Amino acid sequence: MNNVYVEARPKGRPEGTHIDDYVIEDTEHGVLASFKTQKEAIEWAKAGGHHPLVARVRHQNDKKVPGHWRSAFWQSA
Numbered sequence: 001m002n003n004v005y006v007e008a009r010p011k012g013r014p015e016g017t018h019i020d021d022y023v024i025e026d027t028e029h030g031v032l033a034s035f036k037t038q039k040e041a042i043e044w045a046k047a048g049g050h051h052p053l054v055a056r057v058r059h060q061n062d063k064k065v066p067g068h069w070r071s072a073f074w075q076s077a
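According to UniProt numbering, the sequence shown holds residues 1 to 77 in order.
Hints are computed from structural coordinates only; laboratory data are not their basis. Since the structure is predicted, the reported quantities are computational estimates derived from the model, not experimental observations. Warning: the hint list may mix true and false statements.
What the hints assert, rightly or not - In the DSSO-like style, the derived pairs of lysine-lysine whose C-alpha atoms are separated by at most 27 Å in a straight line are:
{"no.": "1", "residue 1": "K11", "residue 2": "K46"}
{"no.": "2", "residue 1": "K46", "residue 2": "K36"}
{"no.": "3", "residue 1": "K64", "residue 2": "K36"}
{"no.": "4", "residue 1": "K11", "residue 2": "K36"}
{"no.": "5", "residue 1": "K11", "residue 2": "K63"}
{"no.": "6", "residue 1": "K63", "residue 2": "K46"}
{"no.": "7", "residue 1": "K11", "residue 2": "K64"}
{"no.": "8", "residue 1": "K63", "residue 2": "K39"}
{"no.": "9", "residue 1": "K63", "residue 2": "K36"}
{"no.": "10", "residue 1": "K46", "residue 2": "K64"}
{"no.": "11", "residue 1": "K39", "residue 2": "K64"}
Said to hold, decoys possible - DEER-style ranges, computed between Cβ atoms:
{"no.": "12", "residue 1": "G49", "residue 2": "P14", "range": "13 to 23 Å"}
{"no.": "13", "residue 1": "K11", "residue 2": "E40", "range": "29 to 39 Å"}
{"no.": "14", "residue 1": "G48", "residue 2": "P14", "range": "17 to 27 Å"}
{"no.": "15", "residue 1": "G49", "residue 2": "T17", "range": "11 to 21 Å"}
We put the beta carbon where it would ideally sit given N, CA and C, even for glycine.
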């Protein structure tokens, strides 16, 4: 099961501003898919056999730092 990252776009947006969409990214291929809601993105990742991770704090999303991410695999649908 590969880790994928669920991120809000646009990246680097100020806190409280509009989120356009959520993307699924991996470290090898970049953006795999985009969705209107975080829930849809997580469900897609799980259905595809991936392990979805979401940022613990939105502006701290360095994929090389494991502490910036938490598992979303066990979130209820």
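Here is what the structure says about each hint:
1. Between the alpha carbons of K11 and K46 the distance comes to roughly 23 Å, so the proposed pair stays at or under 27 Å and holds.
2. A threshold of 27 Å between alpha carbons decides the hint, and for K46 with K36 the separation of about 17 Å falls inside it, so the pair holds.
3. Of the pairs offered as hints, the one joining K64 and K36 holds, with about 26 Å between alpha carbons and a cut-off of 27 Å not exceeded.
4. Restraint check for K11 and K36: satisfied, since their Cα atoms lie roughly 15 Å apart, inside the 27 Å limit.
5. This hinted pair checks out: K11 and K63 have alpha carbons roughly 13 Å apart, not beyond 27 Å.
6. Among the hinted pairs, K63 with K46 is consistent with the structure: their alpha-carbon atoms are about 19 Å apart, no more than 27 Å.
7. The straight-line distance between the Cα atoms of K11 and K64 is roughly 17 Å, inside the 27 Å bound, and the hint therefore holds.
8. Between K63 and K39 the alpha-carbon distance is near 20 Å, which keeps this suggested pair within the 27 Å criterion.
9. For the hint pairing K63 with K36, the CA-to-CA distance comes to about 22 Å; that is within 27 Å, so the pair holds.
10. In summary, the hint linking K46 to K64 is supported, as the alpha carbons are separated by about 22 Å, within the 27 Å threshold.
11. Distance restraint check for K39 and K64: the Cα-Cα separation of roughly 24 Å lies within the 27 Å cut-off, and the hinted pair is therefore satisfied.
12. Between G49 and P14 the beta carbons are some 35 Å apart, a value that contradicts the proposed interval 13 to 23 Å.
13. Between K11 and E40 the beta carbon distance is about 19 Å. The supplied range of 29 to 39 Å is therefore violated.
14. For the pair G48 and P14, the beta carbons lie near 32 Å from each other, so the given range of 17 to 27 Å is not met.
15. Between G49 and T17 the beta carbon distance is about 33 Å. The supplied range of 11 to 21 Å is therefore violated.
Taken one by one, the earlier hints fail for this structure at numbers 12, 13, 14, 15, listed in ascending order.
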